[in-house]
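A.B. asks: Taken in sequence, the protein lines are chains A and B.
Going letter by letter, the first sequence gives residues 1 to 239 in the numbering used here.
Going letter by letter, the second sequence gives residues 1 to 239 in the numbering used here.
Hint data in this document are derived by calculation from the structure and do not stem from the laboratory.
Do not rely on the hints blindly, as some may be mistaken.
Covered stretches of chain A (in silico footprint by chain B; criterion: 3 or more residues with CB under 8 angstroms from a CB of chain B, positions within the stretch not fixed) [as the list claims (entries may be wrong)]: (1) 43–52; (2) 73–79; (3) 83–92; (4) 187–197.
Listed below are the simulated SDA-like cross-link pairs for lysine to any residue, each with C-alpha atoms no more than 25 angstroms apart in a straight line [stated by the list, open to error]: (5) A/Lys92 to B/Lys113; (6) A/Lys92 to A/Gln44; (7) B/Lys92 to B/Thr160; (8) A/Lys92 to B/Leu55; (9) B/Lys92 to A/Thr216; (10) A/Lys92 to B/Thr167; (11) B/Lys92 to B/Lys113; (12) A/Lys113 to B/Glu179; (13) A/Lys92 to A/Ala48; (14) B/Lys92 to A/Ala48; (15) A/Lys113 to A/Thr216; (16) B/Lys113 to A/Asp60; (17) B/Lys92 to B/Thr167; (18) A/Lys92 to B/Pro221; (19) A/Lys153 to A/Met219; (20) B/Lys92 to B/Ser18; (21) B/Lys113 to B/Ala149; (22) B/Lys92 to B/Asn147; (23) A/Lys113 to B/Glu17; (24) A/Lys153 to A/Arg20; (25) A/Lys92 to B/Glu15; (26) B/Lys92 to A/Lys113; (27) B/Lys113 to A/Arg20; (28) B/Lys113 to B/Asn147; (29) B/Lys153 to B/Glu179; (30) B/Lys153 to A/Arg25; (31) A/Lys92 to B/Glu115; (32) B/Lys92 to A/Ile73; (33) A/Lys92 to B/Glu179; (34) B/Lys92 to A/Arg171.
Don't be surprised by glycine CBs; every beta carbon is placed ideally from N, CA and C.
2 protein chains.
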Amino acid sequence: MGNEPAHTITRYDQELESLRGIVARMGGLVERQTAQAVAAVVDQNEDAAREPPMLDPEVDTLEREAEQLAIRILALRAPMAVDLRQIVAVLKMSGDLERIGDYASSIARRALKVEPLDGALSFSALRAMGRLVQENLHRAVEAMVENDAERAKEVWNADTAVDELYTTMFRELVTYMMEDPRNIGPCIHLLFVAKNLERIGDHATNIAERVYYAVTGEMLPSERPRGGEAAKKPASQGE
Amino acid sequence: MGNEPAHTITRYDQELESLRGIVARMGGLVERQTAQAVAAVVDQNEDAAREPPMLDPEVDTLEREAEQLAIRILALRAPMAVDLRQIVAVLKMSGDLERIGDYASSIARRALKVEPLDGALSFSALRAMGRLVQENLHRAVEAMVENDAERAKEVWNADTAVDELYTTMFRELVTYMMEDPRNIGPCIHLLFVAKNLERIGDHATNIAERVYYAVTGEMLPSERPRGGEAAKKPASQGE
Numbered sequence: 001m002g003n004e005p006a007h008t009i010t011r012y013d014q015e016l017e018s019l020r021g022i023v024a025r026m027g028g029l030v031e032r033q034t035a036q037a038v039a040a041v042v043d044q045n046e047d048a049a050r051e052p053p054m055l056d057p058e059v060d061t062l063e064r065e066a067e068q069l070a071i072r073i074l075a076l077r078a079p080m081a082v083d084l085r086q087i088v089a090v091l092k093m094s095g096d097l098e099r100i101g102d103y104a105s106s107i108a109r110r111a112l113k114v115e116p117l118d119g120a121l122s123f124s125a126l127r128a129m130g131r132l133v134q135e136n137l138h139r140a141v142e143a144m145v146e147n148d149a150e151r152a153k154e155v156w157n158a159d160t161a162v163d164e165l166y167t168t169m170f171r172e173l174v175t176y177m178m179e180d181p182r183n184i185g186p187c188i189h190l191l192f193v194a195k196n197l198e199r200i201g202d203h204a205t206n207i208a209e210r211v212y213y214a215v216t217g218e219m220l221p222s223e224r225p226r227g228g229e230a231a232k233k234p235a236s237q238g239e
Numbered sequence: 001m002g003n004e005p006a007h008t009i010t011r012y013d014q015e016l017e018s019l020r021g022i023v024a025r026m027g028g029l030v031e032r033q034t035a036q037a038v039a040a041v042v043d044q045n046e047d048a049a050r051e052p053p054m055l056d057p058e059v060d061t062l063e064r065e066a067e068q069l070a071i072r073i074l075a076l077r078a079p080m081a082v083d084l085r086q087i088v089a090v091l092k093m094s095g096d097l098e099r100i101g102d103y104a105s106s107i108a109r110r111a112l113k114v115e116p117l118d119g120a121l122s123f124s125a126l127r128a129m130g131r132l133v134q135e136n137l138h139r140a141v142e143a144m145v146e147n148d149a150e151r152a153k154e155v156w157n158a159d160t161a162v163d164e165l166y167t168t169m170f171r172e173l174v175t176y177m178m179e180d181p182r183n184i185g186p187c188i189h190l191l192f193v194a195k196n197l198e199r200i201g202d203h204a205t206n207i208a209e210r211v212y213y214a215v216t217g218e219m220l221p222s223e224r225p226r227g228g229e230a231a232k233k234p235a236s237q238g239e
């Protein structure tokens, strides 16, 4: 029994590591889902469109595993202070990651319904928006996996450009709809695609905020330097 | 010190009760936000439109309070089994409630931008959808506050009707847009209103699932009897 404390600490560290591993895998999966969803739309790629919804069940399973392992650690190890804050952050971030996966799947399902617009629309605003959101998501996941508060703060500062591209895209789409009523159906799908991408960006920002709080114990200000639903700014005409 | 255990238990029960009280208040607030947001659209009521965004900061503050109290309880009391599962559920549900508040605010901000359609559109599908979603949300909050697994299961079963109304509304709106390009702007706002209402319904269902798990220790099946983003069904043309 003399070895018990050291043994306990080792097991505990392993469990924390394993919890971290689960959300790291979730992060990798939802990054993949987002990348494929964007490719599905802007390249009209059927194979890419099929992947995100297929990955959803795996993401859901990981979310449940994270929750069960977190409960197990809380029950058996009664962690304190920083560890406790990080376990709670992991629980909340796994929820954000699950939502990101859902939004990516929703984008993928609409991807091929915009085909009638092919050629007429350059997808350039959407392409740029997709790139930015993917970058932010990637940095948020890295910050999460590496417990990096500085990187988290970068993500938190980087989201305004996404909103500007969203507004550009919105105007472009309304113009297409006005020009020809046959564009209305496909353009509505693209509007929802853009909205879902914007929400993925919001959840990446949420993750960044949680990493920052878990690591530093300080909250970032509740007014975020960006738009989107979660930012509580009044909806512009471009929304 | 002989009284310490009884004293500790009492304090602990009070803290759990107080955590429950915070999410109950959150539930009441987001119900109010949702009701006012729907009224703002279907009755074109300006006063109602102002309220949901004004309540957002209060909801956010309560979410943070819930998280901090949960961490405190976990740190000081090291709760076991059912209590632990319920504290984790509260953490997750406070996230759902916060999202519901966001969606309600987003609806409220769009409410008066559909005014040009007034008279042309009966809002009857939206009115019915709003009523159903509010009922589901109310039952989900009740199930949460009263720890009622049976009621939670009712909510979980009740969401399909919302999707049917959404599809009806979607078709109606596309028809208006095709008839007159001047309807396109306001109709897009209404499409997002309907989508946001549907998402509020999804989060009410999430809450019901979490209550069920927290109380029974069993998960409801991952395939839910309903549509919407979170249900992972293929997007219909009506989406």
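A.B. asks: Taking 25 angstroms as the top limit, are the C-alpha atoms of lysine 92 of chain B and isoleucine 73 of chain A close enough?
C.D. replies: holds, 17 angstroms
A.B. asks: Checking one constraint from the list: CA of lysine 92 of chain A to CA of glutamate 179 of chain B, max 25 angstroms. Satisfied?
C.D. replies: Violated, because 45 angstroms separates the two Cα atoms, which is more than 25 angstroms.
A.B. asks: Taking only the CA atoms, is the gap from lysine 92 of chain A to proline 221 of chain B under or equal to 25 angstroms?
C.D. replies: OK: lysine 92 of chain A and proline 221 of chain B at ~22 angstroms, within 25 angstroms.
A.B. asks: Decide if the proposed pair is consistent with the structure: lysine 92 of chain B and lysine 113 of chain B, CA atoms, cutoff 25 angstroms inclusive.
C.D. replies: violated, 33 angstroms
A.B. asks: For a C-alpha distance cap of 25 angstroms, please report whether lysine 92 of chain A and leucine 55 of chain B respect it.
C.D. replies: holds, 22 angstroms
A.B. asks: Holds or violated: are the alpha carbons of lysine 113 of chain A and threonine 216 of chain A at most 25 angstroms from each other?
C.D. replies: The hint is violated at about 45 angstroms.
A.B. asks: For the pair supplied as a hint, lysine 92 of chain A and alanine 48 of chain A, is the alpha-carbon distance within the 25 angstroms limit?
C.D. replies: violated, 29 angstroms
A.B. asks: For the segment 43–52 of chain A, do three or more residues have a beta carbon lying closer than 8 angstroms to a beta carbon of chain B?
C.D. replies: violated (count 0)
A.B. asks: Holds or violated: lysine 92 of chain A and glutamate 15 of chain B, Cα atoms, limit 25 angstroms.
C.D. replies: The given pair, whose Cα atoms are some 21 angstroms apart, holds under the 25 angstroms limit.
A.B. asks: Lysine 92 of chain B and alanine 48 of chain A: Cα distance at most 25 angstroms?
C.D. replies: violated, 31 angstroms
A.B. asks: Establish whether the coverage given for the segment 73–79 of chain A by chain B is satisfied; the threshold is a Cβ-Cβ distance below 8 angstroms, and no fewer than three residues must meet it.
C.D. replies: Contact hint for the segment 73–79 of chain A vs chain B: holds, 3 residues under 8 angstroms.
A.B. asks: Lysine 113 of chain B and asparagine 147 of chain B were given as a pair; does the straight-line alpha-carbon distance stay at or below 25 angstroms?
C.D. replies: violated, 40 angstroms
In this structure, the hints that do not hold are numbers 1, 5, 6, 10, 11, 13, 14, 15, 16, 17, 21, 23, 26, 27, 28, 29, 30, 31, 33 and 34, in rising order.
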